[in-house]
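Starting from the known structure of chain A, fit chain B onto it as the hints suggest.
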Amino acid sequence: MTTLPRERPDRMFRRGRPEDQEFGREEFLYRRYLSDHWIDGHFSDLGFKFPRQSLNRQKYSEPEDVLLSDEGTNYEGYGVLEFLVCDIPPALQAPGTRVFVFFPKHVPRELNYAHSELWCDTEHRTGDYIEPRSSIIKKLLRTKLSQHVSIRIPASK
Amino acid sequence: MPLATQNARPPAIYLPLSGQEAEGPAFTPSLGDIRRAVEASAYWRALEAFVRAEAQLTEFSRLTADWDSYGAEPPNATARESAAQLLGILRTSNLPPTRVVPSSEGGVGICFVNGEAYADIESLNSGELLAVMYTGTEEPQVWEISQNEESIKKAVEQILDHLTS
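Line by line, the protein sequences are chains A and B. Read in order, the letters of the first sequence correspond to residues 5 to 161 in this note's numbering. Read in order, the letters of the second sequence correspond to residues 2 to 166 in this note's numbering.
Okay, chain A solo, but in the shape it has when bound (with noise of 0.2 angstroms):
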């Protein structure tokens, strides 16, 4: 990472807004990567990590927001990847295992306001953050997501 300062956009900062939980389906996730990760013509799912992945929402920012540290620093040749709401696989099963659901979740900071996460729960909803144990549920959602990556801003690093 740079230590070059860069101002903030005015849509990052919060200022009180409330959390917005309607996602379009059409609506994009951006995310920053590294090129090891696009190789050949093809985003790897080892660039995506399970847990509550964060994301920005195309609703409230730009891509390059991604970049954007909170110390208003540069993530230096970082690219930006891209897939829409409607391209997390709203259900998985594996053999043995329980449904999961996936969702996007608005997840606001106060000077990231678009901020949100890939949440996952069981098919009952809970309403918590409820993690598949299975290691298979985890790549396929992984892979999944990774076969519906477009680059939009691309790695130099």
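Treat each hint with caution, since some may be false.
Said to hold, decoys possible - One-sided excerpt, in silico: chain A residues whose CB lies under 7 angstroms from chain B:
| # | residue |
| --- | --- |
| 1 | R36 |
| 2 | S39 |
| 3 | I43 |
| 4 | I157 |
No wet-lab data here; the hints were simulated from the structure. Computed from a predicted model, the values in this text were never measured in an experiment. Using N, Cα and C, we set each Cβ at its ideal position, and we do this for glycine too.
Below, chain B alone, put in the same frame as chain A:
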């Protein structure tokens, strides 16, 4: 006959220049020819891929926490050793990886790409081995690999079939 005339050297005979002299005789390959031949050799390409993969794996021991800026753990010794064992099996199976990368989930991933076909084997910090393969946006196949040579070889064969079918 004067001495100077007796000792005079006969006139030199120079062959006309053909323009090819800088490249040397035709049977000597240039560095470019050698490079092209090496690049065209599947054996050398595979060897180069394995050398590169092993070098990448060595580099991962230097990664620190949060290497991906999202809090990812660096690959631990368990994941790296398991990935090294995998590379050994891939060598004997003659399946060079396209790339070896750190996993954001914590671990090492060995990736294979052939056009639209993708596969990887992920060696997690927990000691688990997971494999995935798919083509384009088709339904991916994910499975867990047991930590024994026979299971790993079987997974490698499945991936090889997937990439070449």
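So, going through the hints one by one against the coordinates:
no. : hint : in the structure
1   : R36  : holds, 6 angstroms
2   : S39  : violated, 10 angstroms
3   : I43  : holds, 5 angstroms
4   : I157 : violated, 14 angstroms
This entry does not satisfy hints 2 and 4, going by the numbered hints stated previously.
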